[in-house]
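Each chain, written out:
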Amino acid sequence: MSQDAGTEAVLPDGEGVRRRDFINIAAVSAAGVGGVVTLLPLISQMAPSADVLAASSTEIDVSAIQPGQAIKAVFRKQPVFVRNLTPAEVEAAEKVDVASLRDPQSLKDRTKPGKENWLITMGVCTHLGCVPLGAGEGEVKGEFGGYFCPCHGSSYDTAARIRKGPAPKNLEVPEYAFTSDTVVKIG
Amino acid sequence: MSFPWANEYKPGHPLMQWLDEKLPLPRFVYNAVGAGYPVPRNLNYAWNFGVLAGFCLALQIVTGVILAMHYAANQGVAFDSVEHIMRDVNWGWMMRYAHANGASAFFVVVYIHIFRGFFYGSYKAPREMIWLLGVVIFLLMMATAFMGYVLPWGQMSFWGAKVITGLFGAIPLVGEPIQQWLLGGFAPDNAALNRFFSLHFLLPFVIVGVVILHIWALHIPGSSNPTGVEVKTESDTVPFHPYYTAKDGFGLGVFLIGYCAMLFFFPNALGHPDNYIPANPMSTPAHIVPEWYFWPFYAILRAFTSNFFIIPAKLMGVLAMFSAILVWFFLPWLDRSPVRSGHFRPTFRKFFWVLFIDVVILGYCGGAPAAEPYVMISQIASIYYFAHFLIILPIVSAIERPDPLPFSITEAVLGKDEAATLAPAA
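From first to last, the protein sequence lines are chains A and B. To convert a position in the first sequence, counted from 1, into my numbering, add 1327. Take the second sequence: its position 314, counting from 1, is numbered 301 in my numbering, and each next residue is one higher.
Next comes chain B alone, as it looks inside the complex:
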């Protein structure tokens, strides 16, 4: 792990020396996110978002544990307990808004993190495992966010739970028993609310565990960088601390300005007014939509309107929605290009931006009512989405002629690299 020139942890204080012998936790931190971790010297701001995602996770856990002190997961009182948090609990409104907007902020940050990975080929060898673990984290985040949205037990909570658990009902033969098993009843009710709360509390800590694996796997090859050229010598790297703690600190400040603006000035901008109506199993809101971060996948779900061979449309939509994320697991093997960074891949770069626009279009359609022209647009966009991963990427990586790569990170930064000279000048 790490490079031979990494700084070594040398505890000065006798207490720290004593601790280092018994439990070298400070050494672990020093080597992971301190001066003992050499990082490419040319990371740009796209590399801030891993740390920001970690910050969001911590933020959600802190605010979430506080909210759980005041919330009651019972269908008779859940809605009222949320209003109690909003009106009666000291700073309760801030905790709840911080948590609700924190979820959105978390997804913003993670989506940028993922697209950073797409563009710079961060998923490629030797970093496949980091990528795979990242996809697992994303799936866990989606499950956690969905269950969290059910807890206030408003109209959107209830009908969201009904629609999403109804997806499992699309599975042939065993679908309905599975749906009843998941809900603990025939429709979302107390049993479902309770278990969602239990799992919503548990899963963030599972995410913490997978994040630790994600960072562990990252520290074996070390961070990638915008050129995609691997680290060769010490001159290619700087220590994580103070260089990137400072850069990430600046990024965190910018992030917090945006986050606090949402939290204090537009706390409900991303929410749905219908969720301030208590859950009513007898009446459906006119327009059921999930939270914005699920829109692209929701659009894919709804894009299937007619049966496909022998597979019913509903099941096809469910399969496509899950496949839209599962396809990421195969990404390291679908993109065969030996060149990592999009900077040096002119053809790939164009298709990357088409995919980005495609996902934005899917997101827009997912939030729109299920009517024309949105259905047809999301059908076309869904086909393109899968074509990008399954057809375009393998072909582009086979036929593309990449631009010349710099010899090293140092050369990319300084314009010359002493090590690039084969023999020392006479």
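Looking at chain A on its own, in the form it has when it is part of the complex:
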């Protein structure tokens, strides 16, 4: 005369929904949803933390960079190249037929209006992440006069566009803005 015996007597075998089925589904669903929600903090903790994100903008004074010179700054713990292009380099970059490029972009797409001589890119090769040469004094600039990655031989032109070698993309242009004529805020 247990309770089980009573409920089974009311419903024929294999038909209808018992209260026990409802409780079973409700309990498993609640535990399942709870379990999945608990995973969120366990996964999210691995994302960049607040202090890493807080260090994700950099201000650079570019007043000392003469045409033809470049500097390596640090942005998000990675090198960023700030380059003051000479008129000849600007001309060389604009002369290229954009449609013929692997990653078609014009110099204008990659610089700010009126500041076409300021080429600001990440110093991270888009192939496997090496630091290309060409920003430092006396470093080789590759056959297109921009940057040259020594790891696997990718060559970038004076707009830091990929021209030769295994890299799939142009050097990334980070988000930046000129806060004054001589100060750039990256990030």
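I should point out that these hints are in silico values taken from the structure, not numbers from a laboratory. The beta carbon of each residue, even a glycine, is placed where N, CA and C say it ideally should be. Some hints could be false.
[Stated by the list, open to error] Among chain A residues calculated to face chain B with C-beta under 10 Å, some are:
(1) Q1372
(2) I1392
(3) V1401
(4) K1404
(5) T1453
(6) H1454
(7) P1459
(8) P1477
(9) C1478
[Claimed, not checked] Here are the in silico distance ranges between beta carbons for each label pair:
(10) B:L160 with A:E1466: 31 to 37 Å
(11) A:E1466 with B:P360: 36 to 42 Å
(12) B:W320 with A:V1401: 48 to 54 Å
(13) A:S1356 with B:P254: 53 to 59 Å
(14) A:V1401 with B:N77: 36 to 42 Å
(15) A:E1466 with B:M56: 39 to 45 Å
(16) B:I298 with A:S1356: 38 to 44 Å
(17) A:S1427 with B:P299: 43 to 49 Å
(18) B:E163 with A:A1353: 37 to 43 Å
(19) B:A130 with A:E1466: 32 to 38 Å
(20) B:V341 with A:K1439: 54 to 60 Å
(21) B:N61 with A:D1388: 29 to 35 Å
[To be verified] To list a few chain B residues with every Cβ distance to chain A over 12 Å, as calculated:
(22) E(-5)
(23) R14
(24) R28
(25) V95
(26) Y98
(27) F102
(28) F173
(29) F188
(30) V193
(31) F338
(32) F343
(33) H375
Following the hints, complete the assembly by docking chain B onto the known chain A.
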């Protein structure tokens, strides 16, 4: 599990009888690697490498736990703490060299173990699960070894971490967020170093767990053997102890001679001098290469130099590199031949050795600079690698005429088997 004629564990001492009733752990060991496990009598030295791999795992855990007592996983001091281990800690240099060379030794042993499986068809029914678990162990080993190499925080550590996590950046749309999530930043830094250390400590114990499953699955059908003919009668087997404990002990001695020669006379022969330069995010070493045991897969990664349909070259390389190992999961179903051992498969045997040479060539190209002719050689070798598994094996197993098999293991060993006679002689 096991065969009906297996020796039974009979504890003699009252304490052991008491223990056997409460927690039969000695019985478990006796049945797993003792006199209670009947093993084919004809195993050759290729069968030593499972035990040797287990030894290497234990060696890595012991030396690794000791190193963790002296190491600091912080990007400001990690490099110095490794030098502190090398110079200041009593026997620290030996622990570190034992661990670094132990990783190489582990991979040597495991590669031989895997090629043993390829040649003797160890992956075939009824042992598919052992094979699948083995591939899982190999993947875990690769992850563990990669993260361990990052910990000294030298130039190769840093740039290796950058290149390998950069592979995930090749995934369309979600690649970059995944890469930042894995690293906990925009480039390898303190967050990445810390989590790599945490996981590098954890994963070996996960490997121990999967190894236990691997051996458990092995003990259901029992070990295979060089003829590939299954055990039929008691005369086909000998107890694991003392026969194979002795044989494995001898193999261990030979292994230790080679290992100690590396450890004490050429401890840096397999390392890279660049890793004795502290990590510098602003300057890339001229020639980034992974450790030698990743070279064949690294060569496959770099073999893709142009876009393939709509898939970018970089992503294609990543997919191919992972597929090179994932294809092993399908091996038991790609090789359809009912004959297990390469000894009795003349056509298969030739292709096995071609594959072996192909992998050696891939390994050589993976360690070489990414320039011609190595790129083209690794492209050809990569195509052959996949063709071996996906085309050659299914075709060979369908058309090959195998050599006649011995009736039994006993016949293969003794030249005759009483059980092979259908009726007893009058």
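Quick rundown of the hints versus the structure:
| no. | hint | verdict |
| --- | --- | --- |
| 1 | Q1372 | holds (9 Å) |
| 2 | I1392 | violated (17 Å) |
| 3 | V1401 | holds (7 Å) |
| 4 | K1404 | holds (5 Å) |
| 5 | T1453 | holds (8 Å) |
| 6 | H1454 | holds (7 Å) |
| 7 | P1459 | holds (8 Å) |
| 8 | P1477 | holds (6 Å) |
| 9 | C1478 | holds (6 Å) |
| 10 | B:L160 with A:E1466: 31 to 37 Å | holds (34 Å) |
| 11 | A:E1466 with B:P360: 36 to 42 Å | violated (28 Å) |
| 12 | B:W320 with A:V1401: 48 to 54 Å | holds (52 Å) |
| 13 | A:S1356 with B:P254: 53 to 59 Å | holds (57 Å) |
| 14 | A:V1401 with B:N77: 36 to 42 Å | holds (39 Å) |
| 15 | A:E1466 with B:M56: 39 to 45 Å | holds (43 Å) |
| 16 | B:I298 with A:S1356: 38 to 44 Å | holds (39 Å) |
| 17 | A:S1427 with B:P299: 43 to 49 Å | violated (19 Å) |
| 18 | B:E163 with A:A1353: 37 to 43 Å | holds (40 Å) |
| 19 | B:A130 with A:E1466: 32 to 38 Å | holds (36 Å) |
| 20 | B:V341 with A:K1439: 54 to 60 Å | holds (58 Å) |
| 21 | B:N61 with A:D1388: 29 to 35 Å | holds (31 Å) |
| 22 | E(-5) | holds (44 Å) |
| 23 | R14 | holds (37 Å) |
| 24 | R28 | holds (51 Å) |
| 25 | V95 | holds (27 Å) |
| 26 | Y98 | holds (25 Å) |
| 27 | F102 | holds (30 Å) |
| 28 | F173 | violated (4 Å) |
| 29 | F188 | holds (16 Å) |
| 30 | V193 | holds (17 Å) |
| 31 | F338 | holds (32 Å) |
| 32 | F343 | holds (28 Å) |
| 33 | H375 | holds (26 Å) |
Violated hints for the displayed structure, listed by number in ascending order: 2, 11, 17, 28.
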